[in-house]
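*Asks:* Read off the chains here:
There are 2 protein chains.
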Amino acid sequence: MKQIYFTVGPSELYPKFRIFLDAAIDNKIVSISHRGQQFAELHKDLGVHLKQLIGIPEEYSVFYSGSATEWMERIIQNCSEVHTLHFTGGAFSKRFYETANALGRHAVSVNSRTDQSFCIEDIPSGLTPELICLTHNETSNGTMIQESFIKNVRDKFPKAIIALDVVSSAPTCSLDFPLVDCVFFSVQKGFGMPAGLSVLFVSPRAIEISLILEKERSIYTGSYHSFASLLEYEKKNQTPETPNVFGMYLLNEIVKDMLVTGKEAMCREILLKAKLLYDAVSNSPLVIPCVENIAVRSQTVIVANVKTGSKEIIQACKAHGFIIASGYGSHKEDQIRIGNFPSHMRADAAELASLIQGGIF
Amino acid sequence: MKQIYFTVGPSELYPKFRIFLDAAIDNKIVSISHRGQQFAELHKDLGVHLKQLIGIPEEYSVFYSGSATEWMERIIQNCSEVHTLHFTGGAFSKRFYETANALGRHAVSVNSRTDQSFCIEDIPSGLTPELICLTHNETSNGTMIQESFIKNVRDKFPKAIIALDVVSSAPTCSLDFPLVDCVFFSVQKGFGMPAGLSVLFVSPRAIEISLILEKERSIYTGSYHSFASLLEYEKKNQTPETPNVFGMYLLNEIVKDMLVTGKEAMCREILLKAKLLYDAVSNSPLVIPCVENIAVRSQTVIVANVKTGSKEIIQACKAHGFIIASGYGSHKEDQIRIGNFPSHMRADAAELASLIQGGIF
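The listed protein sequences derive, respectively, from chains L and Z.
Under the numbering used here, the first residue of the first sequence carries the number 2, and numbering increases by one thereafter.
Under the numbering used here, the first residue of the second sequence carries the number 2, and numbering increases by one thereafter.
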């Protein structure tokens, strides 16, 4: 029976995933040493390809870990001594804020407005944050920060380090990345891979600040995963610990394949499928879009409020071969979430959209 | 051409790995939600099976992360406020010690003697360590701590938390695990899996101490990977972050298969192959065993000093279909290392042993 995961991550695998996987096993790439030449070449290639696909400046460092959650901790440890500023509109931006609090930082949080947008005027006056944390795409509630807002934040705080969580919008987020210093994502969403690998890009300026914090201010920056340690190994095309080599190989294959398709074509396809899905939830007898303000609607995570209960809709979709997600946290029962990633075929999205629009049963 | 990885991790894959991998992809286990019932069942099963195989008390918690290196940091953060004690005989025990220093602990290190053993009399008098860190099997130099020494440490410090790194000796290490509080390993060695997943067992006493440090002493214990946070999710059969679900599924399948073979049979096989390999390096014209003291020789990581250069021996083995490792760090050129894990077949070990004993070429 057909079973297509339109969940928000982990989600459907990249269409050619099985081919890349088989090659990895046949070539015994999973047994190679992470201190050898073959790994160093993979490490180098992957960094180049990722920057090229996403649009990250060449001079940024590329670091790897097991999860994006770790990057929240490491960014705060490496880029701030006292003051952080957060724009919180959902569970993941709140997690970033709470991590800063747990680390003893003086963290200030600006909430989204009733229309779910952020406004530069809402920032309390007199702040001089060392680090500003932004969640580009909120997997929990389907909102997305506008690029113009990121530009406004940069203009207001030209000297601050800006960290941008693109966990569920990469690689189909077209942003002015040189504006920000730290950018991170996980592979189980837009890259159509199993979970267990996460990537962080870091600007030379953020590296410089982390070195000052560690060497001159004696701040704890994360031992083996301090930027200094990560950088030391990156220079050798290695990682401090034995990394997820399997995942890195698969990611490199997928990114190379995406480069052939081209990011522009991928983004067009995402927008097209997002329109199909938003039209469906707007015209369905079962649901309405959760995010009313079109300007801040996510293109990759479509969230809808259900009129009855989410369970029935999820079950009905499943019976038709589509796995969709429930709402996040307290919205488990009254919302559904649909992932829209490059791995989702347009024909499948159209079929799912038509089911939802038609009332499914 | 045959290519068998007798490296020390990443190493050869578990013989049935491909079967389990194919099933994982066919069942779409990699796409399931880490907040759903199917994952909770996997999480529960894996914990039960791991404890059963390794011999960990039922009441210990089981936590997951991307690498064993992270556990060094988290153990120190969660089990000590000031005083740690380390027994350093190689690169990995030193890393544990250096992590404690980086975290600002007052870390005391006791070095191994010239015969590479540790002695309880070498511990400076007057110490009251909160946490004692032991590396059971040193992947860097092929030494192994004797179980009697672990017992002596426990007798001398009945109240301390003892952490034991079994990264390259699990699951074929038969130790009195209730003596220790934290036990951790990675899957790319004895479990024959790709790297990117690590397991930590924690005693209720260590959990209790971590909660006191966090709640009463306001020590930073690691935000999402504090024992408190890990425990909160463990109770729901979940993990704080999206974990390496793929790896957890594969590990569960491998551990179930190992339980059928039985740990005793696996240990016997390891000892038998270790004897083959040690006999070979002892009688070879090319190498001599690095660890002279038989009592502290590792059974899973066989290290030999080379009489000429390691490169030629590694190349010659490769030409016969066997990949072995160079020495660690500064011993890259003058040592070789051979892994001896459950995934290595006896016939292959015998062939490799015979090659080395005969001078290879």
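Where hints are given, some of them may not hold.
Note that identical chains are pooled: a pair holds if it fits in a single copy or bridges any two copies.
[As the list claims (entries may be wrong)] Derived DSS-like pairs (lysine-lysine); straight-line CA-CA distance at most 30 angstroms:
| no. | residue 1 | residue 2 |
| --- | --- | --- |
| 1 | K17 | K29 |
| 2 | K95 | K312 |
| 3 | K95 | K236 |
| 4 | K312 | K160 |
| 5 | K17 | K160 |
| 6 | K17 | K3 |
| 7 | K257 | K216 |
| 8 | K312 | K257 |
| 9 | K237 | K308 |
| 10 | K160 | K257 |
| 11 | K157 | K308 |
| 12 | K152 | K237 |
| 13 | K264 | K216 |
| 14 | K152 | K264 |
| 15 | K257 | K3 |
| 16 | K257 | K29 |
| 17 | K333 | K236 |
| 18 | K160 | K276 |
| 19 | K17 | K152 |
| 20 | K216 | K29 |
| 21 | K45 | K157 |
| 22 | K276 | K216 |
| 23 | K308 | K216 |
| 24 | K333 | K157 |
Hints in this document: simulated from the structure, not taken from any laboratory.
*Asks:* Does each hint fit the structure? Answer for all of them.
*Replies:* Evaluated hints:
| no. | hint | result |
| --- | --- | --- |
| 1 | K17 x K29 | both (19 angstroms within a copy, 14 angstroms between copies) |
| 2 | K95 x K312 | within (26 angstroms within a copy, 52 angstroms between copies) |
| 3 | K95 x K236 | between (34 angstroms within a copy, 23 angstroms between copies) |
| 4 | K312 x K160 | neither (47 angstroms within a copy, 50 angstroms between copies) |
| 5 | K17 x K160 | neither (43 angstroms within a copy, 54 angstroms between copies) |
| 6 | K17 x K3 | both (17 angstroms within a copy, 27 angstroms between copies) |
| 7 | K257 x K216 | neither (38 angstroms within a copy, 48 angstroms between copies) |
| 8 | K312 x K257 | neither (38 angstroms within a copy, 33 angstroms between copies) |
| 9 | K237 x K308 | between (55 angstroms within a copy, 29 angstroms between copies) |
| 10 | K160 x K257 | neither (35 angstroms within a copy, 54 angstroms between copies) |
| 11 | K157 x K308 | neither (42 angstroms within a copy, 65 angstroms between copies) |
| 12 | K152 x K237 | neither (34 angstroms within a copy, 41 angstroms between copies) |
| 13 | K264 x K216 | neither (40 angstroms within a copy, 48 angstroms between copies) |
| 14 | K152 x K264 | within (22 angstroms within a copy, 59 angstroms between copies) |
| 15 | K257 x K3 | both (28 angstroms within a copy, 29 angstroms between copies) |
| 16 | K257 x K29 | both (20 angstroms within a copy, 24 angstroms between copies) |
| 17 | K333 x K236 | between (45 angstroms within a copy, 19 angstroms between copies) |
| 18 | K160 x K276 | neither (38 angstroms within a copy, 62 angstroms between copies) |
| 19 | K17 x K152 | neither (36 angstroms within a copy, 52 angstroms between copies) |
| 20 | K216 x K29 | neither (41 angstroms within a copy, 47 angstroms between copies) |
| 21 | K45 x K157 | neither (35 angstroms within a copy, 49 angstroms between copies) |
| 22 | K276 x K216 | neither (50 angstroms within a copy, 48 angstroms between copies) |
| 23 | K308 x K216 | neither (56 angstroms within a copy, 42 angstroms between copies) |
| 24 | K333 x K157 | neither (37 angstroms within a copy, 52 angstroms between copies) |
In this structure, the hints that do not hold are numbers 4, 5, 7, 8, 10, 11, 12, 13, 18, 19, 20, 21, 22, 23 and 24, in rising order.
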